[in-house]
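J.: Sequence:
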Amino acid sequence: MKIYDEDETVLSRQSKAAEDAASGAPDISVFLPVLNEELNLRPLHAKLDEALTTLGRTAEIIYVDDGSTDGSLNVLRELAKRDSRVRVIALKRNYGQTAAMSAGIDAARGRVLIPMDADLQNDPADIKRLLEKLDEGYDVVSGWRRHRQDKMWTRRVPSMIANRLISWIGGVPLHDYGCSLKAYRRESLTDVRLYGEMHRFIPIYASWAGARVAEIPVMHHPRTMGKSKYGLSRTLKVVFDLMTIKFMASYQTKPIYVFGTFGMLAFAVSLFAGLCAIFFKLIGRADFIQTPLPMLAIVMFAVGVQFLLMGLLAEMLVRTYHESQSKPIYAVREKIERQ
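Its first residue numbered 1, the sequence shown is counted upward by one per residue in our numbering.
The set of hints was computed from the structure by calculation and includes no laboratory data.
Hints may be right or wrong, so weigh each one.
Claimed, not checked - Taking CB as the label site, the calculated pair distances span:
| no. | residue 1 | residue 2 | range |
| --- | --- | --- | --- |
| 1 | A125 | L317 | 42 to 48 angstroms |
| 2 | F272 | P173 | 37 to 43 angstroms |
| 3 | T320 | V239 | 40 to 46 angstroms |
| 4 | F240 | L275 | 34 to 40 angstroms |
| 5 | K246 | D83 | 41 to 47 angstroms |
| 6 | L312 | V239 | 42 to 48 angstroms |
| 7 | E78 | K246 | 18 to 24 angstroms |
| 8 | G56 | E78 | 40 to 46 angstroms |
| 9 | R164 | I278 | 47 to 53 angstroms |
| 10 | R285 | M248 | 32 to 38 angstroms |
| 11 | I161 | G137 | 30 to 36 angstroms |
| 12 | S84 | R156 | 54 to 60 angstroms |
| 13 | F240 | I298 | 43 to 49 angstroms |
All C-beta atoms, glycine included, are put in the ideal place defined by N, C-alpha and C.
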């Protein structure tokens, strides 16, 4: 059994993919962030074992312990001793679900990656249906908890509003971004880097890279053991991350457009305020020291200059990022050439 340390050196996903392909990687990697789920882990693993056995495909199960303070890690050690498919990654402290998901993605060796929750609300039996949909030619298949077993006003209604907003802004119409149970072809996650609470936006990142995304209804069971880690407090974080998503979608390679727009608006306000101050001075209604308009004109002119300079600086950073890493601003799905 190997326990991974957070600061362990990890190969890049591109070279890791080639290495795993040469070493006979499993067909499926199921990875589960775990936080204080001691009571759920044994029955969950039994269901996972049953579901994976019926698939007839090679698989690995990666449990990412996200700083649990109960006996979860001891249970995971026990499962790893009993089942050779189990790998455990124990993080030094609680980093949050996004970091735990990223650790699972980095460690996974399978050709298909399947994240899911460890609270027994996702049903491992749905893995088969996700794979069948993936085999139809999709790169990402997202679960949809159509009959969600959560509280109406604190969980389901905010989630419904958030999902519609995310679909509109991200351009990928899904009913349930919050459902952890999904299936990804490995290559669709090669360049995905996660921050904040952005694990829920992985289908959007994958779609930007050209992945074909689908959605199917999945089972959702009520929590019977343990305590939910989610609440309304995460809503504000999701809103901020959504703003980041929108900015990246529209201006990731051309930040001068957004900074320049605000700069031009500031210049327009400065010009209008200055002209008004001069007009009032000429008609004798107010001297420059009797109205705040001259000060407003000066301040907004300075703000406009700042925005333009910030935009130029952002452009330099974007170009440095892409050119220093030889990172293209496009992705090719396939090449068709006459031989």
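J.: Could you run down the list of hints and mark each one as holding or not?
T.: Verification of the hints:
no.	hint	result
1	A125 with L317: 42 to 48 angstroms	holds, 47 angstroms
2	F272 with P173: 37 to 43 angstroms	holds, 41 angstroms
3	T320 with V239: 40 to 46 angstroms	violated, 30 angstroms
4	F240 with L275: 34 to 40 angstroms	holds, 38 angstroms
5	K246 with D83: 41 to 47 angstroms	holds, 43 angstroms
6	L312 with V239: 42 to 48 angstroms	violated, 29 angstroms
7	E78 with K246: 18 to 24 angstroms	violated, 45 angstroms
8	G56 with E78: 40 to 46 angstroms	violated, 27 angstroms
9	R164 with I278: 47 to 53 angstroms	holds, 48 angstroms
10	R285 with M248: 32 to 38 angstroms	violated, 48 angstroms
11	I161 with G137: 30 to 36 angstroms	holds, 32 angstroms
12	S84 with R156: 54 to 60 angstroms	violated, 39 angstroms
13	F240 with I298: 43 to 49 angstroms	violated, 32 angstroms
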